[in-house]
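Asks: Please arrange chain B on chain A, whose structure you already have, making use of the hints.
Okay, here's what each chain looks like letter by letter:
2 protein chains.
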Amino acid sequence: MQNKINLERGFSTPEFEERLIKAQDVMQQYKLDGLLLTTPQNIRYFTGYDSQFWESPTRPWFVVVPASGKPIGIVPEIGESEFKKTWLEDIKTWPSPRPEDEGISILKSTINDLKKTYGQIGAEIGKEMAMRMPVRDLFKLKEIVKTNIVDGSDAIWEMRMIKTNAEVERIKHICSIASDAYYDLPSKLKIGDTEREAVNKLKIDIINRGADNVPFMPGISGKGGVSQIVCGPSDKVIENGDILFIDTGSTFDGYFCDFDRNFAFGSTTSEVEKVYEILWHATDAGINAAKPGASTFDIFNAMNKIISDGNTVGNNVGRLGHGLGLQLTEPPSHRPGDNTIIKENMVLTIEPGMEYANGKMIVHEENVIIRKDGAELITKRAPKEIPIIK
Amino acid sequence: MQNKINLERGFSTPEFEERLIKAQDVMQQYKLDGLLLTTPQNIRYFTGYDSQFWESPTRPWFVVVPASGKPIGIVPEIGESEFKKTWLEDIKTWPSPRPEDEGISILKSTINDLKKTYGQIGAEIGKEMAMRMPVRDLFKLKEIVKTNIVDGSDAIWEMRMIKTNAEVERIKHICSIASDAYYDLPSKLKIGDTEREAVNKLKIDIINRGADNVPFMPGISGKGGVSQIVCGPSDKVIENGDILFIDTGSTFDGYFCDFDRNFAFGSTTSEVEKVYEILWHATDAGINAAKPGASTFDIFNAMNKIISDGNTVGNNVGRLGHGLGLQLTEPPSHRPGDNTIIKENMVLTIEPGMEYANGKMIVHEENVIIRKDGAELITKRAPKEIPIIK
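Chains A and B supply the protein sequences, listed in that same order. For the first sequence, this note's numbering assigns the number 367 to the initial residue and increments by one for each residue that follows. For the second sequence, this note's numbering assigns the number 367 to the initial residue and increments by one for each residue that follows.
I should point out that these hints are in silico values taken from the structure, not numbers from a laboratory. Don't take every hint at face value.
The list makes no distinction among identical chains, and a pair is therefore deemed to hold if it is satisfied within one copy or across any two copies.
With a Cα cut of at most 30 Å, we get these calculated DSSO-like pairs of lysine-lysine [claimed, not checked]:
1. Lys450 x Lys602
2. Lys726 x Lys451
3. Lys388 x Lys756
4. Lys508 x Lys474
5. Lys567 x Lys554
6. Lys726 x Lys750
7. Lys493 x Lys474
8. Lys556 x Lys602
9. Lys436 x Lys709
10. Lys397 x Lys436
11. Lys508 x Lys397
12. Lys450 x Lys726
13. Lys602 x Lys538
14. Lys493 x Lys458
15. Lys506 x Lys493
16. Lys602 x Lys451
17. Lys451 x Lys436
18. Lys746 x Lys589
19. Lys756 x Lys506
20. Lys481 x Lys756
21. Lys556 x Lys567
22. Lys493 x Lys512
23. Lys506 x Lys474
24. Lys482 x Lys556
25. Lys556 x Lys451
26. Lys756 x Lys589
This is chain A alone, in the form it adopts within the complex (with noise of 0.2 Å):
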C-alpha cells in the first residue's frame, strides 16, 4: 500500500488555459478555426471531463475547440450535470439516445458560428486515431456545415506529445505503483499458477496500489521466451522452464504507464541469460540516445545494433518504443520511417525486443521522461538478471 500517496485526481483551471493556449497556437499553426473531438482522450485532454460512459457507444460526445475562447461541450443530457462542473462555461445538450438526431444539428450550429478565417476545422481523422461516433453522422456534418472538416491528427499530437508538469507527475505516479508492483510479484508466484492467475495476482496488487484501471495486462509465458506479446492471459499453466511475460497499462487520472517485466520458472538457460542481458544493455542504448534533438530513428538505431549483433531472428512488433500519455501509445515510433525529433516533456517507452529462435521472444520495456540533458527513468529498471521463481 506504500504508493498511497496524496497525488489528487483532476486538474486546475490554469492547467487547462495553458493547454488551450498551445492548442490555439497550434491551431493557428495549421491554419484551423477549430477543433471538432469526439474521443474520451481528446475530450479529457481539454476539459478534464472523465466518464464510465465512454464504455457505451451509444451516445456519442463533443467538444470543439475554437481558434479563439474557451472550448465548448455539446453532450448527451445524462452526462449535462457532471460536465457542468468542468472549467467549459458553454455547454450544449440533447436527449439521448436520438439516433435521428444525435447531436448532430447542435453541433452543425455550433461549426457555423465559428470565426471563419482559414475556413476549415481539424478533426480526429488520421494518424493513430479513430473518432467515437457514427462516421454516416460525420458525412451528414460535412455536407451541412459552412467550413472544411480536415485532418486535425496531427495538430492535436503535436500538442499531446509535449506533456505538462501536471501530466508528467501522473505518468510517474502510475510507473511508481507498478514498479512497486513487479518488484513485490516474484514473492507471490510459483510454478503451477496458471497464466491468468499471475496476472491477477499482479492486477489486484496494482489496485491495491491505488491505480484507477488496469486496461492492459497482457501475460503469456512459453518455454525459454514467448511466440507472441498480443494475447494472453490464459489458463495454460506455467511450467518449470517457462518464462513469464507480463506487461501493463495501468492508468491513474487517466494516464498511463506502459513496461513489460519477464520472470523465468524454475530454471533457466544460458541462452535466455544471454538474450536477456543483450536486451537490458539495449535498453541502456535507447535510454542513452533518447535527448533532445535526436530522432526516433536514432532511438532505433541505438537499440537495433545492439540487437542485431545479437542475432536476432526478427522481430514483428515493427518499432522499439513509442509515446505515452492519455493512451496506452501514442506517437511517435521509434523505427525507420518515423523521424519525429524528441523534445523536452515527451513521454516514451524504451522496448526492445528479440525473437533469438523461432516462437522464443524476449522483450523488455521502460518509461522515461525527456528533460533538457537526457532521459529521466520513470520506471524502477528491471533487474539486470532475470529473476528465477523457485
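Replies: For chain B alone, kept in the frame of chain A given last:
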C-alpha cells in the same frame, strides 16, 4: 470463489459457422456483397480473436466477411501468429506501424476480389457504431475500391441482437459472478469508506470470482440518492444517510453483464424506501412485458406507468434499458421511438430510474434473456428492500 466453474473460454468452429450462415442470410436481405469490420467486438464475433492490443490505437485490424465463403483477416504482422489460431484460413498481414499504408492496399484488393452481386458492402458507419480506423483511410478506401461502401450497422445489429446459446451461457455466467459479488458486498462495506474504496472491494471480488475484466464500474453516493450515474467513483467519504449506487459491466470471455445495486448507509427515509419499492415493482413490470412480439416501447410503457404514478421529477437517461452482449450497451433501447420487436434470445437490461427530488435519483437494473414464453431473469434479483449498511 464459488463461481470458478469450468465454463471454457472460446467458441467452437460450428459456432462460428452458425454465425456466418446467419450473417450471410442477413447480408442477402440487405443486398450486401460483404461486410467490412474494424471494431474489436465485430471482429471477435466472427473470428473469436481477442487481443490486448485493441488498447493501442496505432494499428487497425480488419476482417472482411464475404457474401459467401469464410471471413478474411487483414491484420498487422504483430498479430499474425495468434490470428492463425482462429478458424479463418485466409489471413493477410502487413508490417505495422506503416502510416502511409496501414493495411489499406491489401484491404482494397480484398474488397475488389469480392463477388459483385449488389455492388455494395456494409461498414460500421451507422447506429451505435464507431469504426476503429482513421476515417481518412476510409475516405481513401472509398475512392480506390470498385464497390460502394454503405451503412452495414443495421445488418450487423440484426445478427448480434439475437444471441446464440453459447453467447447466452457466457452472459449468464458473468451475471452470476457479479450477482454473488453484489450479494456479499454489504458485509464488506462500512460508513466512512470512500466511494473508490467501496468500488474496489467489489471490483477485486469480481476478479477473484473469475471475471476477465471490469471495464465499467461507476460508484456514486449521495444523500437519499445520486445526482448522476455516469461519473465516479471519487474520494468522497460515504456518510450516514447516503445511498451508494454501484453499477457494473464486467466481462467473461468478452461478454458483459450490466446491472446495478443500491445500498443505504446508516439509516434511510420512508421516501427512499417508497421510491426503492416503486422501482422494484417497475422492474417486475418491465420483466413481465419483455416477451417475444412485444416492442421496446411496450417495455418502456410498462415501467414508465409505474414510475409516473410515483411522481418522478424526470430521468435524463433517455431510456429504461437496452440490449447487451459483447458490448455494455447494444440496440435496442426501451424508449419511445425505438419500436424494435422483441425476439427470442435477445438479452436485455430492465432499468427503471426515478429522480424523485431534485438531484436525488435511484436506478434499478436487472438483466434478462428472452425465451419463447417471456423473460428469464439472469441476475439474482435485487432485494425487495434496500440493504442498510450499519
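Asks: Hint by hint, say whether it matches the structure.
Replies: Taking the hints in turn, this is what the structure says about them:
1. Lys450 x Lys602: Between copies, since 18 Å is at most 30 Å while 48 Å is not.
2. Lys726 x Lys451: Close across copies (17 Å), not inside one copy (51 Å); limit 30 Å.
3. Lys388 x Lys756: Cα proximity of Lys388 and Lys756: none, with 52 Å in one copy and 51 Å across.
4. Lys508 x Lys474: both (9 Å within a copy, 24 Å between copies)
5. Lys567 x Lys554: both (7 Å within a copy, 20 Å between copies)
6. Lys726 x Lys750: within (20 Å within a copy, 56 Å between copies)
7. Lys493 x Lys474: both (24 Å within a copy, 19 Å between copies)
8. Lys556 x Lys602: within (13 Å within a copy, 38 Å between copies)
9. Lys436 x Lys709: within (27 Å within a copy, 47 Å between copies)
10. Lys397 x Lys436: within (18 Å within a copy, 46 Å between copies)
11. Lys508 x Lys397: This pair counts as both: shortest intra-copy Cα distance 18 Å, inter-copy 27 Å.
12. Lys450 x Lys726: Close across copies (17 Å), not inside one copy (52 Å); limit 30 Å.
13. Lys602 x Lys538: between (33 Å within a copy, 24 Å between copies)
14. Lys493 x Lys458: Both, since 29 Å and 22 Å are each at most 30 Å.
15. Lys506 x Lys493: both (22 Å within a copy, 14 Å between copies)
16. Lys602 x Lys451: between (47 Å within a copy, 15 Å between copies)
17. Lys451 x Lys436: Result: close within a single copy only, 15 Å intra versus 50 Å inter.
18. Lys746 x Lys589: Close inside one copy (26 Å), not across copies (43 Å); limit 30 Å.
19. Lys756 x Lys506: neither (61 Å within a copy, 54 Å between copies)
20. Lys481 x Lys756: Close neither inside one copy (67 Å) nor across copies (58 Å); limit 30 Å.
21. Lys556 x Lys567: both (11 Å within a copy, 25 Å between copies)
22. Lys493 x Lys512: Result: close both inside a copy and across copies, 25 Å intra and 25 Å inter.
23. Lys506 x Lys474: For Lys506 and Lys474, the Cα distance is within 30 Å both inside one copy (10 Å) and across copies (24 Å).
24. Lys482 x Lys556: Classified as neither; 64 Å inside a copy, 56 Å across copies.
25. Lys556 x Lys451: So Lys556 and Lys451 pass the 30 Å test across copies only (28 Å; inside, 47 Å).
26. Lys756 x Lys589: Within one copy, since 15 Å is at most 30 Å while 52 Å is not.
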